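Chains A and B are the protein sequences, given in the same order.
Counting in this note's numbering, the first sequence tops out at residue 169, every number present.
Counting in this note's numbering, the second sequence tops out at residue 177, every number present.
It is possible that part of the hints are untrue.
As a list, the in silico DSSO-like pairs of lysine-lysine whose alpha-carbon atoms are at most 30 Å apart [stated by the list, open to error]:
#1 A/Lys92 - A/Lys(-12)
#2 B/Lys39 - A/Lys163
#3 A/Lys163 - B/Lys30
#4 A/Lys92 - B/Lys32
Quick caveat, the hints were computed from the structure, so don't treat them as lab data.
This one's a predicted model, so the numbers in the text were calculated from it and none came from an experiment.
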Amino acid sequence: MKVRIYTNTATPINENWNQFGKLISNPSKESFKDPLITGKPNGHHKIGAGDYQQDFYQKIGIDIVTETVFSYPYPATTEKILRPIINKRMFLVVGSANTLKFLKTKGLQTFSPFINETYDSITNPVNRMEAILAEIDRLVTLPLDAIRNAVLQYTNVLESNFTTVTNLEKIELQKVKERLSTI
Amino acid sequence: MNKNFINTLREYINIIDIIDILHFDQDFDKLMDQLLKTKKEVYAPKDFYVIKHYDPQYYLPHCKYSLTTFNLVQTFQEIDISLGRTIIVTNNPGYLDEFKLLIPDRLHQYDLPIVFDNCISAFDNNHLDNPKWNNIAINNDKIEKHALTMMGSGRVHRNTLYNHIKKHNYFDKIATANRVNNES
Chain A
-13 MKVRIYTNTA
-3 TPINENWNQF
7 GKLISNPSKE
17 SFKDPLITGK
27 PNGHHKIGAG
37 DYQQDFYQKI
47 GIDIVTETVF
57 SYPYPATTEK
67 ILRPIINKRM
77 FLVVGSANTL
87 KFLKTKGLQT
97 FSPFINETYD
107 SITNPVNRME
117 AILAEIDRLV
127 TLPLDAIRNA
137 VLQYTNVLES
147 NFTTVTNLEK
157 IELQKVKERL
167 STI
Chain B
-6 MNKNFINTLR
4 EYINIIDIID
14 ILHFDQDFDK
24 LMDQLLKTKK
34 EVYAPKDFYV
44 IKHYDPQYYL
54 PHCKYSLTTF
64 NLVQTFQEID
74 ISLGRTIIVT
84 NNPGYLDEFK
94 LLIPDRLHQY
104 DLPIVFDNCI
114 SAFDNNHLDN
124 PKWNNIAINN
134 DKIEKHALTM
144 MGSGRVHRNT
154 LYNHIKKHNY
164 FDKIATANRV
174 NNES
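Given the sequences, and given the hints that come with them, work out the whole structure.
Spelled out as structure tokens, the structure:
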């Protein structure tokens, strides 16, 4: 009989870096749902994986994407990062280190220098989070017109990313075929 | 996994079974039972189990492989099926390295799985095979807020971001959806 090891099902995923202290006061009883997203305050509209709601995406400049994992050894991406790309908006990723680096390997482009993306290469999760929060602080102090202008400034990038994503399946399947043909 | 990806695999291999790790990550005996139903005395060169690996894994501090990977290797060894008969589709780039740590070097030629670790389109919840979205024209006329953030299941990094937004009262700048469920 081989040994297997399990965690308690309620074990948070790799959050052994709980060093934020006061920053992690328990918000579990608080819930804020912006009417811009839900259509009404404190609504319960579910924003699901395939529910790309383009109307409200038109009303924002940057998607602060909170990926599934943060303190994690891989730049694991999910449908969350695809939402701003599909909706042609800029994004900042609260996720694993090197997530932007991984996206670039897929032919996607990001938004430096308008967004300071040095956080992406910071492997220490505490330092990376601090860098992300600092960048959010900077971005929200910009005039809204600066955000609007940046969206236009990065039009080529946004269009290119959309095209890249819509062609991604074809490219990836071709690589799968090439690998499997060697079996 | 999306049907186009599976159909492509079927062009090249015989899929014995499709295994979603999420269904077994808390009880690998269930996986063993499932494997026993399809185990063969002899596998043809193109016989493969396809393993979907999409959800987060748990890592012990300073350990280079996850508990899921460890349990997966243990289970296949216990039932005496080579991991060389598996194709793992994962969103963890570099995932093969974990198997290299757990399987002895002398067995790497035959017992390492084939790993597709950078196929974003392989997973059906990414909807790249059947998009529901339109190619919208870029405009900035409707922008009302600097940013948007949508937080699903509660996790420390989301709580931290939410608390930061709340502490600085950025709600008028950042459209925020917080669906905390006491998970973290």
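Taking the hints in turn, this is what the structure says about them:
1. A/Lys92 - A/Lys(-12): violated, 39 Å
2. B/Lys39 - A/Lys163: This hinted pair holds, its Cα atoms lying about 14 Å apart.
3. A/Lys163 - B/Lys30: holds, 29 Å
4. A/Lys92 - B/Lys32: Distance ~37 Å between A/Lys92 and B/Lys32 Cα, so the pair is violated.
Checked against the numbered hints given earlier, this structure breaks hints 1 and 4; the rest are met.
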